[in-house]
Amino acid sequence: MNIIIVGCGKVGGTIAQQLASENHDIVIVDNDSERLHQVGDMLDVMCVHGNGGSATVLEEAGAKTCDLLIAVTLSDELNLLTCLIAKKLGAANTIARVRNPIYSDGISLIKDDLGLSMIINPELAAASEISRTLRFPSAIKVETFAKSRVEVINFRITPGNILCGVKIENLKSTIKSDIFICAIQRGNDVFIPNGSTELMPNDVISFLASPASAHEFFKKIGASSHKIRDMIIIGGGRLTYYLTKMLLQVGIRVKIIEENLKRCEELSELLPDAMIIHGDGTDNELLHEEGIEEADAVATLTGLDEQNVIMSLYAAQNSPNAKIFTKIKHFDFDDMLKSMDIGSVIYPKYITADHIIKYVRVMQNSIGSNVETLHHIIDDKVEVLEFRIREQSDMLSVPIEQLKIRSGVLIACINRGGKGFIPGGKDTIEMGDTVIIVTTNKGLYDIENILSLKPAHADSV
Amino acid sequence: MNYKLLLKINGKLLMLEAAFMLLPVITALIYRESSGLSFLPVIALLLIIGIPLSRLNPRRTEMYAREGLAIVATSWILMSLAGALPFYISREIPVFIDAFFETASGFTTTGASILDDVETLSHSMLFWRSFTHWVGGMGVLVFILAIAPLAGSYTVNLMRAESPGPQVEKVTPKIGSTAKLLYLIYAFLTLLQFVLMCAGGMPVFDSLLTAFGTAGTGGFGVKNSSIADYSTYIQSVITVFMLLYGVNFSIYYMILLKKIKPVFKNEELRFYLGIVAVAIILITANVANRFETLYEAFHHSAFQVAAIISTTGFTTVNFNDWPSFSKSILVLLMLFGASAGSTGGGMKISRILIMLKFIGIEAVRLIHPRKVNTISIDGHKVEYEMLKNIFLYFLCYAGLLALSVLIISLDGYSFTTNVTATISALSNIGPYVDAINDAWNFSSFSLISKLVLTIDMIFGRLEILPVLILFVPDTWRRK
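In the order they appear, the protein sequences are chains A and B. The letter at position 66 of the first sequence is residue 66 when you use our numbering, and the numbering goes up by one with no holes. The letter at position 459 of the second sequence is residue 920 when you use our numbering, and the numbering goes up by one with no holes.
Check the hints yourself; a few may be wrong.
Each computed BS3-like pair below joins lysine-lysine, with the alpha-carbon atoms no more than 25 Å apart [what the hints assert, rightly or not]:
| # | chain 1 | residue 1 | chain 2 | residue 2 |
| --- | --- | --- | --- | --- |
| 1 | A | 88 | B | 719 |
| 2 | A | 64 | B | 788 |
| 3 | A | 64 | B | 641 |
| 4 | B | 818 | A | 87 |
| 5 | A | 87 | B | 722 |
| 6 | A | 64 | B | 832 |
| 7 | B | 469 | A | 64 |
| 8 | A | 87 | B | 720 |
| 9 | B | 641 | A | 88 |
| 10 | B | 818 | A | 358 |
| 11 | B | 635 | A | 10 |
| 12 | B | 726 | A | 64 |
| 13 | B | 722 | A | 64 |
| 14 | B | 849 | A | 64 |
| 15 | A | 87 | B | 635 |
Incomplete in silico selection of chain B near chain A, CB under 10 Å [claimed, not checked]:
| # | residue |
| --- | --- |
| 16 | 621 |
| 17 | 841 |
| 18 | 844 |
By construction, these hints were calculated from the structure, which means they are not laboratory data. Just so it is clear, the structure is predicted and the values come from calculations on it, not from any experiment. Note that CB positions come from ideal geometry on N, CA and C, so glycine has one too.
Can you build the whole structure from these sequences, using the hints too?
Okay, here's the thing in structure tokens:
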């Protein structure tokens with residue numbers, strides 16, 4: 001696809017890198033020629049120097065014929081304006097980044113008028129990721145499918161857990177919960193397990209379950225599934241605002257520690273139910289005074305990465321049972337951070353890039369296909385796709401055990417009439433279902449591609 | 462320096478050259494010549510060295526500026542050395558330095574020759590000689606980029622080092638498709654010229670080789686008289702195509718996209734055509750009394766102007782007999798060269814244009830020292846970095862010219878001969894003024910001079926800076 005990215009800061013650069021590696025034709029537009037050339041030299045993309053709000057610049061970048069324009073400059077207003085102009089010029093789809101909470105409620109009113117396909121708010125997206133993960137404190141990451149009726153959860157098996165040494169086929173009888181393990185990461189290896197695969201300590205498993213069964217599963221394996229009641233958030237930025245709003249709705253008590261008095265006052269006005277503490281989060285006396293040992297969860301969300309890392313390390317030391325979140329804005333040292341005890345790491349730039357890339361993939365897949373959503377779990381090696389069955393096909397109403405399914409493909413879940421279930425050999429796929437497929441084969445674009453008879457990309461080879 | 466990466470890409474290049482050498486072998490089969498046999502050991506040698514090298518797996522594949530420049534410079538030298546072997550093995554050019562000169566002259570699209578009698582060469586050798594023009598014109602690493610995308614980031618540095626002009630313009634987002642597109646346009650123009658010349662009654666073999674020579678803006682002819690013996694129609698076709706190959710290829714892409722307006726507004730194109738028109742008018746007026754009709758004078762001036770500004774270097778008449786004024790104009794055109802992003806050599810019109818604009822702005826600033834101004838081309842600001850590189854290039858060009866003239870002057874020829882022969886090599890043109898024999902013949906120079914001129918040709922084709930870094934010790938240090 002032809003994609004224009006306006007603004008090549010952190011997020012723009014990350015998106016450009018990802019999309020260029022997926023073989024799209026990328027044009028980047030930025031005002032800062034030095035930064036532009038830096039990115040342009042590194043990636044196989046075309047650079048256009050200029051302000052994205054200018055129709056001439058957008059035309060030069062090819063907005064008339066592009067499939068997608070992504071506006072991720074620092075300014076919300078410029079992003080919206082860029083998208084509006086691009087749409088008028090003829091861009092098929094536009095995505096704008098809008099971060100200011102003041103615009104967030106009004107934007108849905110004008111989304112259609114501006115012709116926007118998607119609005120991305122990095123802080124809001126990061127906040128929902130945190131709040132999703134909070135429901136299962138032992139999980140590393142939680143993604144939702146089928147309008148939140150099904151979840152894919154990544155979970156690390158700690159040594160000594162009852163799951164260690166259990167074979168997948170015996171899983172149901174051992175723990176009696178309705179979950180479906182769709183991928184396992186062991187060391188640097190990622191694979192789709194079969195019945196005889198044995199679970200080992202330190203495996204990261206991705207499993208699919210309804211929210212209720214997931215809850216039950218965590219309870220049975222004895223993972224700390226106690227409900228989060230108290231949370232301390234250090235730093236009072238936009239992310240904190242969105243997160244607190246979500247947490248208060250589900251009845252979690254939130255304490256926000258913020259250095260800037262003026263910001264504290266603003267927050268207390270915006271969030272009357274939260275407790276706002278004016279003070280320095282790096283002051284350990286203050287942290288103890290506010291009860292960091294008793295908190296069920298701690299999130300360090302200040303604007304300084306190094307401060308966040310240090311405070312998270314301190315929190316982990318002082319309250320070993322708490323779920324910890326660390327926001328990382330700039331650092332690129334992912335491997336090092338992984339080895340540190342700082343809980344779930346939240347990268348707003350990756351979350352934004354991830355959302356946009358997911359959109360692009362679905363968009364690409366939906367050209368002549370029926371993919372509803374698509375997630376990459378565990379290092380992009382395994383795809384989880386959701387298909388909607390709209391057309392009559394030979395494979396419908398045939399028991400799954402009689403279908404010739406390719407290797408590396410699993411039918412993980414079928415949703416029918418608002419209910420999701422994990423199919424057995426006797427179950428069938430029917431018209432109107434949505435089907436969730438787990439696969440290591442990339443580029444599936446239709447449900448029929450899972451059959452060994454009809455290879456994907458047969459037309460493109 | 463990432464040696465493994467350097468060797469890997471040079472390995473690929475040798476394999477590619479081996480593949481190219483199959484074409485003269487086929488030519489030899491068609492004409493039943495034994496000279497085709499001398500290509501076979503070279504092909505074997507290139508494959509024996511090339512295949513293992515291309516299998517190397519460098520740990521890091523990033524093509525930083527240092528790697529990009531060094532790969533391009535080493536590969537051009539290597540390619541010319543390997544390409545010289547068939548001439549040497551077949552004894553058709555018995556001295557290796559001569560063969561090296563001839564091949565480098567081919568790949569760099571200079572068209573200067575050390576052969577006194579071109580017509581004695583076998584068909585397969587003639588084919589190889591002209592084919593090197595076609596490959597060298599658009600660039601052999603660009604060819605690699607077009608057929609097999611390289612892994613790793615920063616690959617644009619390769620294209621930047623090989624493509625002529627102060628900056629590389631991608632016409633499409635992906636470097637691979639840009640390279641493919643450039644080669645497609647290039648191949649189409651070559652084919653078109655070939656067909657038009659065949660239609661004019663030129664023998665097929667001559668047409669093909671002349672088309673190669675024109676496309677790369679090289680200038681190797683099939684005959685001792687270059688183009689003089691062909692009909693006026695064929696000469697006119699060549700004139701038009703020489704001018705076409707001197708134009709930035711992104712212009713043709715814009716025409717393909719039906720974006721006609723920016724084509725007419727393109728400053729470099731206008732300046733290029735302007736120079737061509739003025740030069741033709743002045744030379745026609747200057748030489749009018751030497752020809753029977755005014756049209757004939759115009760025809761030959763136009764041919765010569767096109768041949769020199771596009772840096773092709775074909776000749777229809779011996780312009781050494783022309784008046785000094787006409788020769789001076791031609792020497793000036795030799796320095797200018799063709800447009801950036803074309804297959805031609807020289808300093809490039811866009812560099813000249815930017816330098817002229819700089820002089821204009823600085824002249825005004827002498828009177829208004831506080832005047833703030835920016836230099837722009839086609840509405841885009843010329844960044845300081847680019848301006849700096851243009852001046853660096855200009856200084857290196859002047860320095861190299863002076864140094865080469867100094868060494869060549871040992872041969873004892875006239876100052877004009879030495880200077881224009883060096884400019885001819887540095888700008889990849891071929892013919893020079895005040896020549897000893899024919900305009901493009903370098904056979905009477907000593908071996909040392911030939912070697913210096915060979916190096917000048919490679920410097921000139923790669924626009925000096927990539928080859929220059931080979932002499933910086935830091936290039937070769939491990940990181």
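Results for each hint:
no.: 1; hint: A:88 with B:719; result: holds (21 Å)
no.: 2; hint: A:64 with B:788; result: violated (50 Å)
no.: 3; hint: A:64 with B:641; result: holds (23 Å)
no.: 4; hint: B:818 with A:87; result: violated (38 Å)
no.: 5; hint: A:87 with B:722; result: holds (23 Å)
no.: 6; hint: A:64 with B:832; result: violated (39 Å)
no.: 7; hint: B:469 with A:64; result: violated (41 Å)
no.: 8; hint: A:87 with B:720; result: holds (21 Å)
no.: 9; hint: B:641 with A:88; result: violated (32 Å)
no.: 10; hint: B:818 with A:358; result: violated (48 Å)
no.: 11; hint: B:635 with A:10; result: holds (21 Å)
no.: 12; hint: B:726 with A:64; result: holds (21 Å)
no.: 13; hint: B:722 with A:64; result: holds (17 Å)
no.: 14; hint: B:849 with A:64; result: violated (35 Å)
no.: 15; hint: A:87 with B:635; result: holds (24 Å)
no.: 16; hint: 621; result: holds (9 Å)
no.: 17; hint: 841; result: holds (7 Å)
no.: 18; hint: 844; result: holds (6 Å)
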